[in-house]
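Using the sequences provided together with the hints, build the complete structure.
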Amino acid sequence: MLEVRNIIKAYEGKPLLRGISFSVSQGETICLLGASGSGKSTLLRMIAGLENPESGHFLFNQIDLAQTPPHLRDFGLVFQDYGLFPHLNIFDNVAFGLKMKGFNHEGHKGHKGSSKDEINRRVAEMLALVNLTGFESRKVPDLSGGEQQRVALARALAPSPRLLMFDEPLGALDKSLKDDLLNQIRNILHQTKIPAIYVTHDQDEAFTIADRILLLHNGEIIRDGAPDEVWNNPNSIHAARMLGMGNIVEGRTQKAEGGKWKVESRIGRLEITCKHNHSVGEQVSLLVRQSDGGDEIKLAVEDVLFNRGQFQVKTESGLVIHMKNAPQVGEMILVRVKVECLA
Amino acid sequence: MDCGDEVSWQMQNQNLNYGGTEARRKLILGVFASPWFVRLLLWLAPILFLLSFFFFPLSKILALTFDPATFTSPNNLQIINHALLFTFYQATLSTILTFALGIPSAVLFSRFDFRGKSLLRALTAVPFMLPTVVVAAAFNSLFNQNGLFSFLIPNHLIPNSSFIILHSAFPLILTAHVFYNTTIVIRIVGNALSRLDPKLEAAARSLGADNFHAWKNITLPLLCPALLSAALLVFMFDFTSFGVILLLGGGSVSTLEVEIYLRVLKLPNLPLAALLSIVQLIFTILFSILYTRTINQVTAQTAPGFSLARKPKTLQEKTFVTTLCILLSAFFILPLLSLPLRSLTRLEADRGQRGEVQYGFTADYYKELFINRRGSLFYVPPIQAAANSLGYASVTVFLSLALGYPAAYALARPTRLEKFLDPLIMLPLGSSAVMLGLGFIISFGRALASPFFVPIAHTLVALPFVIRTLQPALASIPERLRQAASTLGASPFRVWQTVDFPIIARATLSAATFAFTVSLGEFGATLLLTRPEYPTIPIAIQRFLSQPGGLNFGQAMAMATLLMLLTTLAILAIEKLRLSNSGEF
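Residue numbers (this note's numbering), protein chains in the order written: chain A, 1 to 343; chain B, 1001 to 1585.
Source of the hints: derived by calculation from the structure; they are not laboratory data.
Everything numeric in this text was worked out from a predicted model, so none of it was measured.
It cannot be assumed that every hint is accurate.
[As the list claims (entries may be wrong)] With a straight-line Cα cutoff of 27 Å, these simulated BS3-like cross-link-like pairs (lysine-lysine) come out:
#1 A:K14 - B:K1117
#2 A:K178 - B:K1199
#3 B:K1216 - A:K116
#4 B:K1199 - A:K139
#5 B:K1216 - A:K14
[Said to hold, decoys possible] Okay, the calculated beta carbon distance ranges per label pair:
#6 A:S144 - B:F1114: 50 to 56 Å
#7 A:S160 - B:F1114: 51 to 57 Å
#8 B:D1113 - A:E220: 27 to 33 Å
Ideal Cβ placement from N, Cα and C applies to all residues, glycine included.
Okay, here's the thing in structure tokens:
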């Protein structure tokens, strides 16, 4: 459906996006994960037609959107701080897109804007979808943050957009409200089958909502895949770091034996399978993950703290391990780990 | 912090020590020390002052209009009708023109960053603080038939240019109003524009609104309160404008305000003047109420929390910014520059002078200010007017501080009754200066020989400013700072000296400068009240302007330049005080 082709964009003379390409298909929710200032929001604004790329194309159903002004694109946009119209009540906010659709189609033959009844019905339907039935005549400032974001969602959904875009929609909300709303959004997206692009810097959100995750780093997409694929094979240091995997150790290759490399590192000599072409004595980064089926390594305990039902153990080598039972500080422990080469 | 409470608490303590025999003393002292009595004392002077010098004259004016013969006379009705229509007409035109320059300027200052932005912005605000006589003199120095404009662009270059200059009173008045009030539009609409979240327009566009519908349904309704309140305020200032219309119009055009002046001094008819001023008062009160309502809606909007201003990018934007910057600089600098320039150049023959006119720079007009020429209207040298002005201004500063302090002190933590008193104190601000003068004439006719009435009128105008400056400062003194200081071992006097005094001192200086500036520039009331032997600077300028000849015109320019310099220094002082104040808190 939506195809993004080689988008390049600079911000104040500095390259922001350098050749972004991906596509979104029917009913799919993709999540663009990237640090703040990485150009995620700019990309959304360009897809919406509010800004233009320096080069590259956006296609929807094989049709180039370059000549389509934002108001004729039929793409819904949900903002972080909601962007509700403060001078309109909830009903008029949700009905706004429907009324505008009426104006845009007035000139066409056979098309007529929605009648008043239709608009009333659609607004009621949308408010019911986001559990805000009866809020029609309320004013925007009287609503809580979570309620405002649900109105923003209902407003974006009301004109039945061809694509929905979320720009860090839950950034301003607290944790429990966030989880609740995230599940609502996921259910609604599954029900309506509207393709969606969800932009965030929060990996928990990304893994909850996405059918596919795209990692944006330094103006490029460094990983594109299903959540489990991305999680199991981040493939690069940057990706591993963005996913919050802190156990990365530096090592030096020693020798190859039957497709496996022996690597010397501060947590001992490790054996890795690796698809890269290394030479002897090369510096490599290794991602270390706890795994029952992995190799055993010996670590010295430096600090122990209790966190979310288990003990978080910091070792002298810098690795952080999770354990059911608390070890003593200074004790040597045996941990089974899997080691991957990141490059 | 009721000092009354503290005192009565001390009384109780004393009572415990001395026993029941002190009961009578306690009762008497208790009354004097009770909070309401202290508050009454605070209010006594300001209320007495307002009653005798504002409400009493107002009632006299009202009483004068209650003669059926006054408001049924067809002649009177025709004059009122004519003046009212013309006032509305010129105020409407002025407001439209002010918006024509103000709206693009508001966009310029709220949406774009460019070099010299804050300087240009400050420049547009300068005229608002200048006395009307200075602005009128500045426009005369540029556009008058003796002005720089007609000298630099001689008749043969632009055919009919002398026609334009001689018959340009009305356009000149409108231009002066734009010069004065553009800053209001820039402030109010510009603030609203910079508060307007661009996300809202983006949201509207993504919901299917084209540019026009996004503007009509989102941008315009959100800006509406700001546009409306700016329009009301500009209209109100244009509606009550007096000095500009009298000095630039030279009596050829007559608004309500000018008509009141004419019916007091030139074609005396006090009942008609009274009726005119009541009509004027009703309209200004109406506008003030409307303005207060709309401005409250403006402040209710939320800010996006970041600046929307950025450097101009496209050619269109660059052209817009450059053109408007040049236009604004020229419009605001030219009159202010031409005034001092004209005061130093000889362009025409002096009165009675024969032979070749010597063009060129001259300090004569300044020297003449110290000389009392025969045949002059003055019994004293013109520079005496400056001394009078300074004297009046000093008395005004003293009076308005003495009256403003207790009122501001009480209003810093007002009771419900005092909140009701607040708009009453502000009322003199809404009534016109000419009307204040008229009220004095009707009420104190015979006593007016005393030069003391001029500073009293000035105090009436300055008092609201003084209270509005002192009250927030007094209210802002943080109780916690006082408590912190005393827990750190400061005695009550040391607390006052280290916490209260620095804040109060700064606010007092600022309020005093305000009162001083108001008094220096006050024109309307002074024109009606002043005795010929005690002219002020603005009155002297007006007299010089209404006399023929190059020397008189030059002296008007010289005096206006002096007044402009004095006022500018005062404005700078106020700004400086305000800036360092905000830096500290």
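Compare the structure with the hints numbered earlier in the document and write down the numbers of the violated ones, lowest to highest.
-> 5, 6 and 7
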